[in-house]
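Asks: Between the sequences and the hints, there should be enough to build the whole structure, so can you do that?
Residue numbers (the working numbering), protein chains in the order written: chain A, 1 to 576; chain B, 1 to 308.
Hints are not guaranteed to be accurate.
[Claimed, not checked] Looking from chain A toward chain B, a few residues come up when the C-beta cut is under 10 Å (computed):
hint : residue
1    : D104
2    : L281
3    : N331
4    : Y335
5    : T382
6    : R385
7    : H393
8    : A422
Don't read these hints as lab results, they were simulated from the structure.
None of the values given here were measured: they were computed from a predicted structure.
Note that beta-carbon positions come from the ideal geometry of N, C-alpha and C, so glycine has one too.
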Amino acid sequence: MSAISIKDLTWIYAGSKKPALDHISLEIKKGEAVLITGPTGAGKTTLCYCLNGLIPNFFSGYLSGSIKIDGHDPRYEEISDLSRIVGMVLQDYTGQLLQPTVIDDVAFALENFGFPPDEIERRVREAIATVGLTGLEERNPHTLSGGEQQLCAIASVIALSPEIYVLDEPISSLDPLGAELVSGLLKRILAKRENTFVIMEQRIEPFLPWVDRLVVMDGGRIIVEGPPFELLNDPEKWEAMMKAGVNLPQLGVLMNELRKRGIPVERLETLDPIDLPQKVLQVIAERIRNSPRMSGPSVPLNIKGEGEPIIKVENLTHVYEGGIIALKDVNLTVYPGEFVTIIGQNGSGKTTLLKHLNGLLKPTRGRVFVRGMDTSRADPSTLSRIVGLVFQHPDRQLFKLRVRDELELGLKRLGLSKEERAERARHILKLVNLEHAMDGTTFNLSLAERKRLALAAALSTDPEILLVDEPTTGQDLAQRIEIMDLLVRLNRAGKTIVVVTHDMEIVAKYSKRVIVMNEGRIIADGPTASILKDEHTLAKAHLRAPPIVRLSKMLSEMTNISLDFLTVEEMVNMFD
Amino acid sequence: MTEASSIPLRPRRIRPFEYVEGDSVLHRLNPISKLMMIFGVTALVITFLDPVFGLIISIALYLVAWSAGVSKQLVVVYKRVVALMGGAFATLYFVFYTGFPYIYKGEISVLGFVWAASGLYRLANLIGIVAIFAATTRMIELANSLTMVKVPPRVAITVSLAFASAPLFVSQLSDIVDAYQSRGFKVQHVNPLRRIMSYLAILPPTIFATMRRAQWASVALEMKGFTYSGIRTFRVKRGRILSTADKIVIVVSLALITLSAYYARLGLSPFIFTEPIYRQLLAHSFSALVSGFLMTISFALFNILRKI
Chain A
1 MSAISIKDLT WIYAGSKKPA LDHISLEIKK GEAVLITGPT GAGKTTLCYC
51 LNGLIPNFFS GYLSGSIKID GHDPRYEEIS DLSRIVGMVL QDYTGQLLQP
101 TVIDDVAFAL ENFGFPPDEI ERRVREAIAT VGLTGLEERN PHTLSGGEQQ
151 LCAIASVIAL SPEIYVLDEP ISSLDPLGAE LVSGLLKRIL AKRENTFVIM
201 EQRIEPFLPW VDRLVVMDGG RIIVEGPPFE LLNDPEKWEA MMKAGVNLPQ
251 LGVLMNELRK RGIPVERLET LDPIDLPQKV LQVIAERIRN SPRMSGPSVP
301 LNIKGEGEPI IKVENLTHVY EGGIIALKDV NLTVYPGEFV TIIGQNGSGK
351 TTLLKHLNGL LKPTRGRVFV RGMDTSRADP STLSRIVGLV FQHPDRQLFK
401 LRVRDELELG LKRLGLSKEE RAERARHILK LVNLEHAMDG TTFNLSLAER
451 KRLALAAALS TDPEILLVDE PTTGQDLAQR IEIMDLLVRL NRAGKTIVVV
501 THDMEIVAKY SKRVIVMNEG RIIADGPTAS ILKDEHTLAK AHLRAPPIVR
551 LSKMLSEMTN ISLDFLTVEE MVNMFD
Chain B
1 MTEASSIPLR PRRIRPFEYV EGDSVLHRLN PISKLMMIFG VTALVITFLD
51 PVFGLIISIA LYLVAWSAGV SKQLVVVYKR VVALMGGAFA TLYFVFYTGF
101 PYIYKGEISV LGFVWAASGL YRLANLIGIV AIFAATTRMI ELANSLTMVK
151 VPPRVAITVS LAFASAPLFV SQLSDIVDAY QSRGFKVQHV NPLRRIMSYL
201 AILPPTIFAT MRRAQWASVA LEMKGFTYSG IRTFRVKRGR ILSTADKIVI
251 VVSLALITLS AYYARLGLSP FIFTEPIYRQ LLAHSFSALV SGFLMTISFA
301 LFNILRKI
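Replies: Spelled out as structure tokens, the structure:
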């Protein structure tokens, strides 16, 4: 029997002409797990809203076709009634956390549905333990890290034990090990085959090994669907997914590239390099041994800049009100023109460190110098001419209603003439690919565009240093690449870039130097390749190297050649 | 992350209007008697405008907060909320109550200054009593207690959610102020007019973020069965019966409300303590100078305290 039956479904939001969902048909059986992916604007979130009745009961627009959820038609059901059947984690999970403590928040839906107190207590404790939040029951969910907030939202759905789980980007804010934890616990729930799962996600890799079906959406339509490994091994469907901008698994990309080069490889059956067949590993190892590019000594990457440091942090300790130590004896030196990435579990002190670099926070102990200026003696307005800080949430840093005015805000501080300001604004907007929106309204831009506008606003004062907090969270592949390419261009133009992220593929691809933070301390600082090879340090920080780096390490051991492949491109270049 | 022991200690800042674990008399009071206390203090604050009264209430509130172990919470509220809004609030009072003759002459009014001080104290005291309530009351207890006095559960939950959203709003505002400062702009100007302009600048993101949050909160309420037609239950019945201490607090609060109502009917001067002082000042030809000096000192103190 179908848990979800969608036939020829079309939805157009009120005020829009373009359908968000365009003649979608999808049957999902009870006990099935379906992973839906696609670029931003593909219609994934809209489809989520259809599954729990937010469409058409909360959002207005035009709906045609039919949709049945466990035999119920959302058009004729209250959202709260459907919520007993469909448990949903919203993409913006922070809005879902309503109660002042974790335990009350997880219990809230159960209380509303009138469960007996004993039953509520049991379910709530179990759900909290399942997601690993034991010990944080009395904490305000909004004081938790982003990843933990996401786990709290997931716990409140697990506690309800709905027949259908609809999870909209449930791991977007989780570090790699946190993502694996969520994937693992959903897999365990699925094992009983009593619940149906619909997971919308850009980061598909953790889910691909166990979901029954992968559905790829683009432009409001389903373009490809089928068992994940069937799709990954089908060249035609692979191309379609590539074209749609799906964030495909690294080993899949590698196998596909090898096939293109006529290298015989077996069908892909795993996404973990450790499970790759020995035969495949030997083929790759052989190719590497014989590669002409392997000859000659490798030149170690000089990551240290020259001259006077642009940022110097000496024995920095920061204690928040209430006595909590956020940073402990942090020492750091950054030279002009460096591209540095700070990684670590959420709550490890990364953002606190960034806020010291532009003077928003003052050290409790120790000193921070930016261009030789002691930040405890300079206020942020002075430092803002040297340091630009781009926060994770763009909506909290855009102050004007019009895009042009947003840039003018910073440009006026430079004392430029009106013509110069207009020219400069145009130049910056072109740089962030927002020239078309110059006369548009700030809050009408998409999330990705607002992120780029926030970056443009920080650039308006032409700072030497750009600090960027989680630039790729919630972005699709194309947008991630677009933002990171922009940062690389700015770096090449001479700007010092410091990025905070837990997106390990981004770290591997773009960073030259990586700093690992854990519990307020810097536990490693060095070239990207050597840091990503250090599994022990990464695990301490709740991180894991991308599959290609792990494969590179395995191949190093097989070939006795020191290999530092950080991306698929670097590895396949060896075969050309 | 699979085990609680693997969760590292994270920085946890004191957040205004957030519950602080404790077992003081105030923590143990029934939330309803604490609500009555808010009404009592509010009645006093609205009725007795004299800054001297304001100062007495402020000291009393601090002592109450100290006895409950939440004085740090109160100080944080004063620093982050009152310091942010108080300057503008006091300035508006000053401008409105200075009077045209003074503005015309370019002089500073003593009366305007007294009104400004009164406005600042009243704002601080109203926010202070709410902060003490929030720091000593679990919102689920508030909802429980309200249902015990026959308030419909959904109304009770809505009231508790409203209180629970206060720290979120403050935290959001703090992020926005951080972002504004990162762009190179000051918020805490000494010049009150520039300060008001700064507040206006941070309005768009504040409004947008608040509307967004409200929209998603209403979606989440629907999704979590808030409007479900069945009978609601509570995980823990944390509502407390009224203890002797509760009864005393309620009687005192009612007495304060009655006293305030009676005082308001007397039609006395709003500044019974301060009036003789400013009358004396006005009697001197250099009154404007003295009041100007006082105002300069008060702004300096305000900014020094803000930095502390």
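Asks: State for each hint whether it applies.
Replies: Taking the hints in turn, this is what the structure says about them:
1. D104: Given a least distance of 5 Å, the restraint on D104 (chain A) holds.
2. L281: violated, 30 Å
3. N331: violated, 19 Å
4. Y335: With a closest approach of 23 Å, the Y335 (chain A) hint is violated.
5. T382: holds, 8 Å
6. R385: This hint holds: R385 (chain A) lies near chain B, its Cβ roughly 7 Å from the closest one there, short of 10 Å.
7. H393: Nearest chain B Cβ about 7 Å off; hint holds.
8. A422: violated, 19 Å
Going down the numbered hints, you'll see the structure goes against 2, 3, 4, 8, while the others check out.
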